[in-house]
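Place chain B on chain A using the hints.
Here is how the chains run, residue by residue.
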Amino acid sequence: MKTTQILIAGFGGQGILFAGKFLAYKGLLEDLQVSWLPSYGPEMRGGTANCSVILSDDPVGSPIITRPDVLIVMNLPSLQKYVDAVVPGGQIYVDSTLIDEKVRRADVTAYYIPATQMAKDAGVGTLANMIMMGHVLKNNPELSFEGTEVTVQKMVSAKKPELVGLNMKALEAGRDYAG
Amino acid sequence: MAERILMKGNEAIAEAAIQAGCRHYFGYPITPQTEIAAYMAKKMPKIGGVFLQAESEIASINMVYGAAAAGMRVMTSSSSPGISLKGEGLSYIAGSDVPAFVVNVQRGGPGLGGIQPSQSDYFQSTKGGGHGDYRMIVLAPASVQEMASLTVKGFNLADKYSMLSMILADGTIGQMMEPISFEDVAVEHYPKPWALTGTEGKRKHNIVNSLYLNPEVLEQKNFERYEKYKAVEASEVLYETYMMDDAEIGVAAFGIAARVAKNAVAAARAEGIKAGLIRPITLWPFPKQVLKDAAEQVKAFVSVELNMGQMIEDIRLATECRRPVTLCNRAGGMIPSPEQVLQSIHAAVKGGN
Chain A
1 MKTTQILIAG FGGQGILFAG KFLAYKGLLE DLQVSWLPSY GPEMRGGTAN
51 CSVILSDDPV GSPIITRPDV LIVMNLPSLQ KYVDAVVPGG QIYVDSTLID
101 EKVRRADVTA YYIPATQMAK DAGVGTLANM IMMGHVLKNN PELSFEGTEV
151 TVQKMVSAKK PELVGLNMKA LEAGRDYAG
Chain B
1 MAERILMKGN EAIAEAAIQA GCRHYFGYPI TPQTEIAAYM AKKMPKIGGV
51 FLQAESEIAS INMVYGAAAA GMRVMTSSSS PGISLKGEGL SYIAGSDVPA
101 FVVNVQRGGP GLGGIQPSQS DYFQSTKGGG HGDYRMIVLA PASVQEMASL
151 TVKGFNLADK YSMLSMILAD GTIGQMMEPI SFEDVAVEHY PKPWALTGTE
201 GKRKHNIVNS LYLNPEVLEQ KNFERYEKYK AVEASEVLYE TYMMDDAEIG
251 VAAFGIAARV AKNAVAAARA EGIKAGLIRP ITLWPFPKQV LKDAAEQVKA
301 FVSVELNMGQ MIEDIRLATE CRRPVTLCNR AGGMIPSPEQ VLQSIHAAVK
351 GGN
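Residue numbers (the numbering used here), protein chains in the order written: chain A, 1 to 179; chain B, 1 to 353.
Since the hints were derived computationally from the structure, they do not count as laboratory data. This structure is a prediction, so every number in the text was calculated from the model and none was measured. Just so it is clear, CB atoms sit at the ideal spot from N, CA and C, and this is done for glycine as well. Hints may contain errors.
The following residues of chain A were derived to be distant from chain B, with all beta-carbon distances above 12 Å [stated by the list, open to error]:
| id | residue |
| --- | --- |
| 1 | Gly12 |
| 2 | Gly13 |
| 3 | Gly20 |
| 4 | Gly27 |
| 5 | Gln33 |
| 6 | Tyr40 |
| 7 | Arg67 |
| 8 | Asp100 |
| 9 | Glu101 |
| 10 | Ala106 |
| 11 | Gly123 |
| 12 | Ser144 |
| 13 | Leu166 |
| 14 | Glu172 |
If you only want the chain B side, here are some residues facing chain A, beta carbon under 10 Å, derived [said to hold, decoys possible]:
| id | residue |
| --- | --- |
| 15 | Ile18 |
| 16 | Met176 |
| 17 | Met177 |
| 18 | Asn263 |
| 19 | Ser337 |
Just chain A, same shape as in the assembly:
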């Protein structure tokens, strides 16, 4: 059996919960067992936001993540708060536009993606979150990039079809980032 515990953290308004939903829907379409747990309450109103996503071949036990396999951070406080919780051998994805610090651990793989700057440059200003997700998919072959467009279509309101293209553009930019 394989279980991947993914923690996404940043500021409210960065699309942290949406990014988590994307991974949860992706897992759902791949017939995995899935749980998605948001932080809720005052955090959603401008403070920090985080979101726990578990993808598994087996029924998910506790939806609460204390030791993530994959950590995605989009602000400095989140990196500082969660860096030591990541399991040895885990992955840490850092939005390097917003976070200057490096990951000071040798037993994890760190990826630095200037996602916020890339989003600005690509004209998809608010979709740094999906650029991060694109890079996560690239490095997690079991999630695969295949079926991404169907996933996005499921999530985006039918009234706003133009958002599918924008999300795909961000996801592809993240996938293709080689830095």
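Frame of chain A, contents of chain B only:
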């Protein structure tokens, strides 16, 4: 198989209620259950139902009382402090023997408390809450799928026994999303000859009332009600067991605590410790017999709760204190980790706390 969709636990309750035939929702918003009201506000007008945000919790529960007396499938939902406000109405509904369905997505207390998940209303929901001798059927879902299936069950049981039923959930299960399908919705219908539907001059009028000034009559009402409760205890107990066949340590937990405990039991098994889990699904009626039977087999019990130790009292009663029962808990909106539960299992193996 029905399509699997992703839904929040709160939304699953609302959708399941609609599928169960509920067309009357009265409530007042409070975190962490407001998605139920939001879902109802969106859906009810489209299907000819009633969504009404009352001016207070007290008003909303009395609207529930009225609709229930008229024989409608009716519900309200709230979170801990809001349920306290509904306490008087719950007692009136119980004293009138009309069916109604209530949801409590618990948050930390007492008082206004916090907004993070908790199970500290176990006493309130299983032992009373409102005044007087009465019971509610209390259902404790541990997944989004169960939020839906136990909602349907809650409506069915309320109508079957003409009494209150409650979903006792918590902020985590209310807010989390999991895949869910609605294939198992089996709505049961029961006649309600007592309902206030208008006589059209053709029958004697019905009376729904909880006031009985003659103590002999009131005593008789209480006796009759407890006969009904006895029938519920005899036939409506629900629980799940996990790895209990050869268990020497019996972990007991409900709702979100059971999800955490399941991880810990699996981890204990990986270390060669014979641990198992008993998960009450009905908190009232409490699964006394399975615990009593387990006391013949296990060396010790561990009760995992998001409160200061409430269900642990029912475990001690059910097992007649024949085995030590220790508490593994967090409170105030905190949740024990699987590691903390595992430590409690280790301590139970050694016979300490």
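Evaluation of the provided hints:
no., hint, result
1, Gly12, "15 Å, holds"
2, Gly13, "18 Å, holds"
3, Gly20, "9 Å, violated"
4, Gly27, "9 Å, violated"
5, Gln33, "7 Å, violated"
6, Tyr40, "5 Å, violated"
7, Arg67, "9 Å, violated"
8, Asp100, "31 Å, holds"
9, Glu101, "27 Å, holds"
10, Ala106, "24 Å, holds"
11, Gly123, "30 Å, holds"
12, Ser144, "19 Å, holds"
13, Leu166, "22 Å, holds"
14, Glu172, "24 Å, holds"
15, Ile18, "21 Å, violated"
16, Met176, "4 Å, holds"
17, Met177, "4 Å, holds"
18, Asn263, "4 Å, holds"
19, Ser337, "5 Å, holds"
In this structure, the earlier hints numbered 3, 4, 5, 6, 7, 15 are contradicted, and the remaining ones agree with it.
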